Amino acid sequence: MKIGLLGFGTVGSGVYEIVKSTSTCFFDDIEVKKILVKDEKDKVMDIITTDAEEILNDKEIDLVVEVMGGIHPAYEYIMKALKNKKSVVTANKAVVAAYLKEFTKTAYENGVSFEYEASVCGGIPWIKSLEKVKRIDEVTEVYGIFNGTSNFILDNMTKEGYEFQEILKKAQEKGYAESDPSADIDGIDIMRKLLITSSLAFECEVSEKEIDVFGIRNIQKTDIEYFKNINCTVKLIAAGKKYEDKYCAVVEPVIFKNERIEAAVPQNFNIGTIYGKTIGELKFYGQGAGKLPTGNAIVQDIIDIIEAKGKLKERKFEKKLTKDSSLVSGKYYVRINNEEFEKENSDIIERKLENSGNLIYITKKIDCYTMRKTAEKYIKEGIFYARFED
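Under this note's numbering, the first residue of the sequence shown is numbered 1, with each subsequent residue one higher.
If you are wondering where the hints come from, they were derived from the structure by calculation, not from laboratory data.
Fair warning: there could be bad hints in the mix.
[Stated by the list, open to error] DSSO-like mimics (lysine-lysine), calculated; alpha carbons at most 30 Å apart, straight line: (1) Lys331 x Lys33; (2) Lys128 x Lys373; (3) Lys311 x Lys128.
[Unchecked claim] FRET-style restraints, in silico, Cβ to Cβ: (4) Glu350 x Glu102: 44 to 54 Å; (5) Phe26 x Lys283: 25 to 35 Å; (6) Asn57 x Leu312: 21 to 31 Å; (7) Leu353 x Ile48: 58 to 68 Å.
Fair warning: this is a prediction, and the values are worked out from it, not measured in the lab.
C-beta atoms are modelled at their ideal positions from N, C-alpha and C, and glycine is treated no differently.
All chains should be modelled from the sequences, with the hints used to inform the complete structure.
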């Protein structure tokens, strides 16, 4: 099988390295024929091009790997490849989250495959495991730590006592966080991964606007100290739940008791949990990002397509589910230095605490949407909240 790589950055070079250096029988028939780069100065091999059409219109290329990132022109390239009857494998969560149903439908109509294992949890076989569970089981819940950068920040704040801005800078120096870290610390990256996961798990079309999102931008050392004093740890969690014809998807900080597995997930590692009606709880742990872990997931998809020998997966997202935020609810920890918060939200407050001069409130049991809407007014004042896991 001849493949074309759209992109040759961290992940693209990882795919190339694995294909060229692995000597198992699965790689006997895999050849990287063309690689797309943006800049002429990056044309360091004969197979490198700056013209995407050389890949998309090449009849010898059977499969395209899209690892450019972003939505455009990735969307246009993927669609053209599929319509030209080329299978596509991608790690691009942004474009998959935006066009999952369209890509899946177009691939099936053209008799080719569209695979996206690497778009969620990097090297962890998350999508394949979810699909395997769904063959005989109804998935009722998915959740986990789906972003290594935010976990690196929270883990080091908890274990080493860093302030948020201090450890964010270290994450940027290590290459875990971008110069603009908004997607990681505001929960946008996790939201996209949750959208993909929930759509597949519940067989419905989930949109970004239906997912409540609150990140860790406003977390402070004083919050971490409070959680440590009650033998708990906070993590940024993606959670999706389904009950009958209703579902809920939310990204928010969650407070776990220290004996929970999630509390112990270190550094930039990920963990994902699937609940099935008959199988119960399954957990998957490993590297959620990086050159070789993500490259590994992409190459696994390529091998799966080769082994399928033209047999296609028909994924459908046709179930009509209604959003019900009450499916994800609990008591919340809220820190906000504004006396008006108590007056304006007395109906949801259970008790008031004070810690190092900060006003801390524990709410009554409320749903995730109510908490997010309540917090919106106080974002610029540095409000931080986290849900206590039952």
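For this structure, which hints from the list above don't hold up?
Per hint list: 1 and 2 violated.
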